[in-house]
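Colleague: Each chain, letter by letter, is given below.
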Amino acid sequence: MKKSKIILSMGLFVFLVTPLFAEETLQLNDTQPQLVLADAGTASDNSLNVNDLGFTQADLQSDLSQKDLDTRSDMLHIHQILGLTTEVSLLAEFVVGITTANNVENGSTDTSLVSTLGYTTLALYAATASFEMFAPKPKNKKQTGNTGIHVALSWIHLPLMILVPLTGDMLDDRIANNQPLGNLGTVHGVLATALLLTYTSSLLVITF
Amino acid sequence: MKVGKIVLLLLLLPVLGFASELKGNWVLDKSEIDYKVTHPLHHVIGKSTEARGKGICSAAKCQFIVAVPVKSFDSGDSNRDLHMLQITKGADDPLIQVNVVFPNPSNKAIPKEISADLEILFAGQKVNYSKVKLGMVSLEPGQVRVTAVISLSLKAFDITPPSLLGVPIEDSVPIQLDMTWKKVGTSAVN
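Chains A and B, in that order, are what the protein sequence lines are.
Going by the numbering used here, the first sequence opens with residue 406, and the numbers climb by one from there.
Going by the numbering used here, the second sequence opens with residue 36, and the numbers climb by one from there.
One should not assume that every hint holds.
As the list claims (entries may be wrong) - What follows is a list of derived Cβ distance ranges for each label pair: (1) Asp-213(B) - Thr-598(A): 56 to 62 angstroms; (2) Leu-489(A) - Pro-138(B): 52 to 58 angstroms; (3) Glu-148(B) - Leu-602(A): 51 to 57 angstroms; (4) Pro-209(B) - Leu-589(A): 54 to 60 angstroms; (5) Ser-188(B) - Ala-557(A): 35 to 41 angstroms; (6) Lys-547(A) - Pro-138(B): 31 to 37 angstroms; (7) Pro-209(B) - Thr-591(A): 53 to 59 angstroms.
Stated by the list, open to error - Some chain B residues near chain A, calculated using beta-carbon distances under 10 angstroms: (8) Glu-85; (9) Ser-113; (10) Asn-134; (11) Leu-199.
What the hints assert, rightly or not - Once the Cα atoms are required to be at most 30 angstroms apart in a straight line, the calculated DSBU-like pairs of lysine-lysine come out as: (12) Lys-124(B) - Lys-544(A); (13) Lys-82(B) - Lys-217(B); (14) Lys-161(B) - Lys-472(A); (15) Lys-547(A) - Lys-71(B); (16) Lys-65(B) - Lys-96(B); (17) Lys-546(A) - Lys-124(B); (18) Lys-82(B) - Lys-166(B); (19) Lys-65(B) - Lys-547(A); (20) Lys-546(A) - Lys-472(A); (21) Lys-472(A) - Lys-124(B); (22) Lys-166(B) - Lys-124(B); (23) Lys-71(B) - Lys-546(A); (24) Lys-168(B) - Lys-96(B); (25) Lys-542(A) - Lys-124(B); (26) Lys-190(B) - Lys-542(A); (27) Lys-82(B) - Lys-472(A).
If you are wondering where the hints come from, they were derived from the structure by calculation, not from laboratory data.
Remember, predicted model here, so these are calculated numbers, not experimental data.
The beta carbon of each residue, even a glycine, is placed where N, CA and C say it ideally should be.
Kindly generate the complete structure, drawing on both the sequences and the hints.
Modeller: Here you go:
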């Protein structure tokens, strides 16, 4: 009976002094206080700190400020809306262009509707492009994915958007002055078709 | 006599060190964190392998911290990534920080699954998720693979869902975590 009491007392002693050992651990591990705090059962929200993870300024700093990102987003939203409007105008222009070409073949000299629509499309296109061109963008960042294809296609439809109205204007002059059209009508038609295809592809690739 | 021995054994159990294999200090060795965005016209997956993390497991509980820069996510489209950075206020709050707490299971082997409480700091907001299931696989001694899927609500983080052609993305964005943790020096928690 005495022996069991001694064993029990020893057990109680070990049980009671365990927290004291934990305290001692706390003192021995001053260099890593957060670990000791966790071990001592005194949970602390500060025991693990994000600053200890070793992220550098370069890892965290964005190429654009939040204000620039917001401005960019707003401008690209307008670019999106204007781009869709331009597509509608371009499609209308294409249909009216075919009709006008047929009318001219039948002796008509009225090209006012196709001209007006052409200039409207050009103005809409210029506005669409400017909202993308002047939007803040990160330096030296390569455009990837569908955005990369969208931008690459712009290098095709941008010159076409200059050439189509130019050839259209030349055609207008020749029709108004009753001059022979030669191959200009065909060239204008091919360029206009290429413009419609590349511009529509550019729009579809960013949408789907 | 018998009673005394049993009591002694019970009292000494914690001291004898039947601690789980999780006990110790951990660092995130490698990781892949994916987010999935669903839109009627698009299903987008953005990935980051740049998360960093640390963890401490005492005999009683485990605490982990994982952080990943918002700008490190790559969805395969540069413009989409910039838009993601903008809507999540990534320039002002560049890190997604996750604090994980769970009780250290008493069994010695690494458990297959544990239930953890998560505190996620993202886009300047703090949201708590309780009892999130984390899958665990012991790869080799001192190395554990942890997987989980956390479904984040954009609304909860005060993020306006981006839209395409006037249709916003779904509010729920599942985040898939696949992390390999490595045990480092354990002396401080013994």
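Colleague: Going straight from one Cα to the other, do Lys-161(B) and Lys-472(A) come out at no more than 30 angstroms?
Modeller: It holds: about 22 angstroms lies between the C-alpha atoms, which stays within 30 angstroms.
Colleague: Does Lys-217(B) sit within 30 angstroms of Lys-82(B), going by the straight-line distance between their CA atoms?
Modeller: holds, 22 angstroms
Colleague: Taking the closest Cβ pair, is Asn-134(B) under 10 angstroms from chain A?
Modeller: Given a least distance of 7 angstroms, the restraint on Asn-134(B) holds.
Colleague: Given the proposed pairing of Lys-168(B) with Lys-96(B), does the C-alpha separation stay at or below 30 angstroms?
Modeller: Since the Cα atoms of Lys-168(B) and Lys-96(B) sit roughly 16 angstroms apart, the hinted pair holds (cutoff 30 angstroms).
Colleague: Do the numbers back the hint for Glu-85(B), that is, is its least Cβ distance to chain A under 10 angstroms?
Modeller: holds, 7 angstroms
Colleague: Given Leu-199(B) as an interface hint, is its Cβ closer than 10 angstroms to any Cβ of chain A?
Modeller: holds, 7 angstroms
Colleague: Assess, step by step, whether the Cα of Lys-71(B) is no farther than 30 angstroms from the Cα of Lys-546(A), and give holds or violated.
Modeller: holds, 24 angstroms
Colleague: For the pair supplied as a hint, Lys-472(A) and Lys-124(B), confirm whether the alpha-carbon distance does not exceed 30 angstroms.
Modeller: holds, 10 angstroms
Colleague: Is the straight-line distance between the alpha-carbon of Lys-546(A) and that of Lys-124(B) 30 angstroms or less?
Modeller: Measuring from Cα to Cα gives roughly 19 angstroms; hence the hint holds.
Colleague: Is the straight-line distance between the alpha-carbon of Lys-82(B) and that of Lys-166(B) 30 angstroms or less?
Modeller: holds, 25 angstroms
Colleague: Can the suggested window of 52 to 58 angstroms be confirmed for the beta-carbon pair Leu-489(A) and Pro-138(B)?
Modeller: For Leu-489(A) and Pro-138(B) the Cβ distance comes to about 55 angstroms; the hint holds.
Colleague: Quick one, are Lys-542(A) and Lys-124(B) close enough, alpha carbons at most 30 angstroms?
Modeller: holds, 16 angstroms
In summary, the numbered hints that this structure violates are 1, 6.
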